[in-house]
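Chemist: Line order of the protein sequences matches chains F and U.
With my numbering applied, the first sequence closes on residue 341, and no number is skipped along the way.
With my numbering applied, the second sequence closes on residue 341, and no number is skipped along the way.
These aren't lab readings, by the way, just hints derived from the structure by calculation.
Ideal Cβ placement from N, Cα and C applies to all residues, glycine included.
Don't take every hint at face value.
What the hints assert, rightly or not - Partial list, computed: chain F residues near chain U (C-beta under 7 Å): (1) S33; (2) V161; (3) P164; (4) Q165; (5) E211; (6) A331; (7) T335.
Protein chains: 2
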Amino acid sequence: MKDLFSQSPDGGTQTLDQQILALFRAKPGGVVSGEELSGVLQVSRTAVWKHIKGLKALGYRIEAVPSQGYRLVAAPDLLIPEEIAAALVTRRIGRRVISFRETDSTNEVAFRLAEEGAEEGTVVVAEAQRRGKGRLGRRWESPTGVNLYCSVILRPPLLPVKAPQLTFLSAVAVARAITATTPLHPFIKWPNDLLINGRKVAGLLNEMSSETEKVNFIILGIGVNINMRRDQFPADLRHPATSLFLEGGEEVSRLAFARALLEALDALYDAYLVDGYGPVRKEWLALSNVLGKRVRVTFQESETVGVAEGIDEDGALLLQLADGRVERVLAGDVTILQAKG
Amino acid sequence: MKDLFSQSPDGGTQTLDQQILALFRAKPGGVVSGEELSGVLQVSRTAVWKHIKGLKALGYRIEAVPSQGYRLVAAPDLLIPEEIAAALVTRRIGRRVISFRETDSTNEVAFRLAEEGAEEGTVVVAEAQRRGKGRLGRRWESPTGVNLYCSVILRPPLLPVKAPQLTFLSAVAVARAITATTPLHPFIKWPNDLLINGRKVAGLLNEMSSETEKVNFIILGIGVNINMRRDQFPADLRHPATSLFLEGGEEVSRLAFARALLEALDALYDAYLVDGYGPVRKEWLALSNVLGKRVRVTFQESETVGVAEGIDEDGALLLQLADGRVERVLAGDVTILQAKG
């Protein structure tokens with residue numbers, strides 16, 4: 001974990017950095033004396049100074065105010081636990097956050113942590129990914145500092161065959177977060193792409209460790225293009241891609257987006273554990289861009305054409321074929337052919 | 001891997017130990033001179049002597065024959081690559097074998113190796129397991145030196161929803177291995193227990209790493225009670241258990257069984273990749289002890305009673321209920337209530 005940025009401690013307690021930031025934020029004007037910091041936190045003035053220096057290194061603008069102490073002038077839009085946790089209201093998700101400057105893949109880190117027993121709701125985020133993973137072995141472009149790359153560990157009491165339901169849940173959560181932080185209208189393209197104006201803005205890669213009759217854990221992998229510029233997209237993308245910035249015309253706070261996403265996930269997952277898949281499916285269907293349309297689904301060498309009628313309990317896309325039969329499609333890439341006549 | 005016994009090298013080449021054993025076995029009478037060993041293997045006499053000593057430590061009986069060399073008198077019934085590989089005829093499975101004196105769980109080791117990229121067909125075996133895993137979080141009794149505990153890494157090009165098909169494939173392979181090495185008649189109890197005379201003799205625990213639309217790898221975990229004695233079973237087992245020895249009245253060579261199992265798995269998997277699930281399903285149904293019988297399936301708090309009609313593409317047990325409807329049961333414990341009238 002050499003590229004580790006910062007992580008919240010196990011068990012939901014606050015780090016010293018988080019406590020210092022909380023003290024700054026509780027003060028109108030944001031000035032706190034070294035003496036007060038040292039007294040409240042029960043550490044030496046030298047330790048306080050060391051932590052202030054560490055926060056500056058993370059991108060916090062903290063000024064010395066002669067004979068008064070320190071003032072917090074600005075906080076960075078960095079996806080670190082100190083900031084994500086500061087205003088997060090969730091029950092399970094994000095109680096522990098682990099942030100990286102850069103990592104191979106947040107899904108890989110989360111998978112390893114889950115195997116080692118990390119608790120449900122643990123979140124792994126990174127400013128950049130060296131080998132960001134897309135679905136079906138594809139690459140996910142992960143330039144530094146402009147987007148959100150995060151992975152959430154869940155341990156639902158499910159049969160493995162029901163796991164795709166959580167893919168739909170995470171798509172709905174991303175749509176909610178977009179709606180909460182921008183004026184944009186997202187659509188979901190089955191199974192797990194988020195589109196704005198027909199261009200892909202987010203993707204989901206959910207991975208699972210399971211036995212035949214039991215889910216060990218699921219990793220919800222979520223990549224959202226937030227402030228990515230046109231020239232940061234590779235030229236050879238197979239589908240048009242975009243970012244919230246490109247569609248909405250203004251920058252979006254990555255932190256605000258991350259908090260909105262984790263809160264949406266938390267609320268949806270909470271409801272899912274009580275009420276099941278029904279409400280998620282209903283919201284997903286309302287956000288879908290394919291219902292009632294004629295689509296072609298390609299997967300490896302096969303191709304199916306039909307009118308999209310819905311999704312079933314197992315997440316399969318239901319396609320009405322030309323002969324009237326309904327086929328369950330379990331995987332593939334969807335192309336919309338035309339609106340149904 | 002401190003309890004590692006022995007492992008075959010990557011890429012299917014032979015260890016020096018394996019080459020030495022092959023030379024012994026090629027000789028009628030089994031006597032080979034130190035000079036010949038040294039010459040053929042291109043190592044010093046001292047190195048030969050060191051390896052002979054190592055083989056003795058593994059349990060081989062090798063005698064010095066004055067002025068002639070060494071004689072291999074007996075090989076141990078140990079589940080080590082030197083022996084398993086010696087007479088194994090397979091295409092994929094068992095080309096690499098990793099053996100442990102003792103390990104927590106062969107499935108855990110295999111899962112970790114698969115994550116690190118171990119090739120399809122890699123086999124992990126152990127003489128004993130400290131925390132042998134049964135299905136649904138249960139324990140699998142794993143005393144030392146009497147049974148077979150092994151895990152096989154597969155990387156099938158499958159949708160995750162089809163993965164239970166490989167559970168049935170491994171059940172059929174165990175049945176074939178029992179039939180090949182004993183006069184006993186095994187039955188399969190859905191989903192994955194092997195029974196002889198109504199008592200459980202083997203269990204399967206298959207684990208998977210997957211994405212929504214892709215299997216990363218599957219671990220076939222197989223535990224077979226081979227020469228286990230009555231007093232080695234715990235008193236509190238929920239179902240009656242047995243061993244091949246207890247049912248057949250004589251010891252079974254664990255090595256012969258392991259080879260028969262790996263060969264059966266290899267042949268079945270090879271056919272599965274070409275011909276699909278049909279032949280496996282047919283053989284499974286012929287071995288099933290529930291078809292046409294009234295059974296109760298309990299899972300967590302739910303219970304379903306019906307007449308077992310078969311298994312479907314996804315491995316679900318098809319139960320005809322009292323009202324004539326057919327229910328798909330995805331998980332649970334089966335109790336046979338009575339033969340259908």
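Chemist: If a hint holds in the structure, say so; if it does not, say that too.
Modeler: Structure-based check of all given hints:
{"no.": "1", "hint": "S33", "verdict": "violated (51 Å)"}
{"no.": "2", "hint": "V161", "verdict": "holds (6 Å)"}
{"no.": "3", "hint": "P164", "verdict": "holds (5 Å)"}
{"no.": "4", "hint": "Q165", "verdict": "violated (10 Å)"}
{"no.": "5", "hint": "E211", "verdict": "holds (5 Å)"}
{"no.": "6", "hint": "A331", "verdict": "holds (4 Å)"}
{"no.": "7", "hint": "T335", "verdict": "violated (17 Å)"}
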